[in-house]
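*Asks:* Based on the sequences and whatever the hints tell you, model everything.
Chains A and B, in that order, give the protein sequences. With positions in the first sequence counted from 1, the corresponding number in our numbering is that position plus 15. With our numbering, letter number 237 in the second sequence gets 221, and the count goes up by one each step, no holes.
Worth flagging that the hints you see were computed from the coordinates, not collected in a lab. Among these hints, one or two may not hold up.
As the list claims (entries may be wrong) - To give an idea of the chain A side of the interface with chain B (calculated C-beta under 8 Å), a few residues:
(1) PRO158
(2) ALA161
(3) VAL237
(4) ALA254
(5) ARG264
(6) SER270
(7) VAL272
(8) VAL275
(9) ASN316
(10) LEU319
(11) GLY323
Using N, Cα and C, we set each Cβ at its ideal position, and we do this for glycine too.
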Amino acid sequence: MRLVQTLVVRDEADIVGAQIDYHLNAGVDFVIATDHESRDGTTEILESYARAGHLRRIPVSGEMRDGPWRTHMARLAATEHCADWVINTDADEFWMPRRGTLKEVFAAVPEPFGIVFALSRHFAPRPDDGAFFAKRMTVRVSPPVAINDPSSPYRPHLKAAHRADPEISISFGSHTVHSHRWAALHHWHPADVLHFPFRSLKQWENKGVRRARGDKPLGQYVTALLASEGGRGADRFRALTVDDATFERGQSGGSLVVDVRVRDALSERGGERGAEMTPEVVTDVISDSAAVRDADLVRLNRFLDQLGSRVADLEERGPHAR
Amino acid sequence: MTIARSEPSETLDAHLDFHMNAGVDLVLAADPGSQQTSETVDRHERAGSLRRIPTSEASSHTDLARLAVSEHAADWVIPSVANEFWWPRGESLADVLAVIPQRYAVVQGLVRSFAGRREGSFFAEEMTARTSLLVSGRPAGDPPQRLLRPVYRAAPELVIDDDDWTLDGRRVPLRAWYPIEVLTFPEQTFVDLDRLDDLLAEGVLAVDTRLRDVLRELRMGGRSTFAVPTIVDDASYAVECAAVGEVDLVRLDAQIRELELRIGTLEARFWPRVRRALRRLARRRS
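*Replies:* Structure, rendered in C-alpha cells:
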C-alpha cells in the first residue's frame, strides 16, 4: 500500500517539520504540501523535504482556497503519486492509528468503503516556557459532552481519509469528502487526529488575525483579532492557556487528561505503530465519539434552521413573485 | 438594552450599573410618566447611558428595539426586565456577541433563577442560590424555551415577539450554546426556602455569588471585570447546555417533516408557474 499525505500550510515553522517527520515515520510514503505565502521559514523546511524526495511543494498565493487546494492535491495523489490511500492534514495535526499502523487500519477497510473519518482530539496550550510544543502540550481536552460554542477551538469534529480517486472532492478543512467511486464508512474512527491548534501567544495571534481577516472568520479567530486590536491579546491567550491550577481542576473533573502520545512519538521512543490502547483511552474514545455525533446533530439542526429561513423567505415572496 | 415596563428602583439601579459595566452602551426604558426616578437613574440619564421614552412614543420591546436600531445604531438588542442580569461568558456582552457568526439573528441566554427572600436587605446579598442543570437537568414537561431568553441581532424592521423568537423560522437562532447567562431574581420564591440547604446539597441549586460580588465592587465606585471561562468551565457549562435539550432527534425529525411540507406547498405553486411560462414561450415561438 502507498499512503500519501496532503497538507495545507501557512507560517507554521514551529510545528511543520515535526508533523512531516512524524507522518513519514508513521508510514506515510509521500507528502504533497500546498504552501500559502509562508514567510516564517516554513517554505525552507518544506523545500528540505522536497530535496530529500519526500515531498512535493505547491506554492500558492492570494485568497485562501482551502477546499480546491485540498481537492487538487488529493487528485494529484491519485494521478501522479500512485496513492492507494490519502490522509488530508493541517500542519498542527498528527494522525495516530488506534491500533497497529496507519497502513494496517486502512488495509482493514473493505471495499466499496473508501472514506473513513478520524476523530480530532484537541490539545490545550500550556504555559510557554520556551520548550518544544510537544513537550509542553500534553494536556488533552476531553469534555463529557460536546462544546457547541461557535467560538471554541475545542468543538468536536472529524477529518477524512480516503482511497485514491482522481475525481474526488475535499471540503474546506477536509471534514468531508465526496467520491462517486467510494462509499463512506461512518461512525468507525480508525485513527485519532491529535490536534495542537494554539501553541504560543505569537502563533495564536498571528493565525487568528490572519484568518479572521481572510478566508475563515470563525469565532475563535475573531476572538483573537478583537483581542489583538484591543491590546488584550496576552490576557485573552492567558485565559485560553491551561495553567497548573486549571489542569488540576480539569483532571479531577475529567475534562482534561494527560496524553503524551505525540511527545513520545516525536522522541526516540516513537515508532510506526500507534500507542497502546489502555482501558481509560478506550472509554475516552467512546465518550469523544459520542460527543462528535451530538455535535453533528447540533450542526444539522443549525443547518436546518438556515434552510427553514430560506424557505420562509420564498414563502414570503408569495405565489405571484417573479 | 430595552426595558418596557416600570420596575422597582432597587433592582433597576443595580440593573443599570451592572449592564453599563458589562458592555451595554445604552438602555432605552419606556416611561409611563408617573415613575419615580432615583439618583442612579438620573445619573445614567445625565451620562447619556439611559434614555427614557414616553410610553406614548414607544411602549413595547418592539417599539424600543426599532428606536435602538434606527436612532442609536444598535448592533444587538437585549429586551430585558430589571430583575434580570445578563452575564457575559467572556470579557463583556459586546465581546461575546461580536464573535457570533453573521448567519445567527438570535442568541439565547441561559436562565439562572435565584431563590431566596427579597425582604429587608439588598436582594443580591440575600439571594445567592440559583438553579443548576448539572444534576437535575431540565424540569420534566418544561419546554427548552422556559430556560432561555433571547438577544436579537439588529434589523430595520425588528419584531420582538415573546412567544416566537424566530418569527416562524425566518430568524436563525444559535442553538445548543448560550454565551450569556441570565441571572434572574424573581419576586416570588419558586422553592420551599426551608429546604434550601437540602436543595443545595442535592445539586438542584448551586451557590452563586457572582452578581453580589460585582455589585459590591460597583457600589464601592470601582469597575468589575468578567473572567473569561477556562476550558474546564466550558466543559462543565456544556453539560448544562446539553441538559436544556434544545436539540434532539425527535425535534429534528419534526423539523425536517415540517420543512418537507412547506417545500411541497412551494413546489405546488412553483411548477404551475413554470408550466404557464413554458406555454407562453412556446406560443410566442409558434
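*Asks:* Determine for every hint whether it applies to the structure shown.
*Replies:* Here is what the structure says about each hint:
no.	hint	in the structure
1	PRO158	holds (4 Å)
2	ALA161	holds (7 Å)
3	VAL237	holds (5 Å)
4	ALA254	holds (4 Å)
5	ARG264	holds (5 Å)
6	SER270	holds (4 Å)
7	VAL272	violated (11 Å)
8	VAL275	violated (19 Å)
9	ASN316	holds (5 Å)
10	LEU319	holds (5 Å)
11	GLY323	holds (4 Å)
Against the hints set out earlier in the document, violations occur for numbers 7 and 8.
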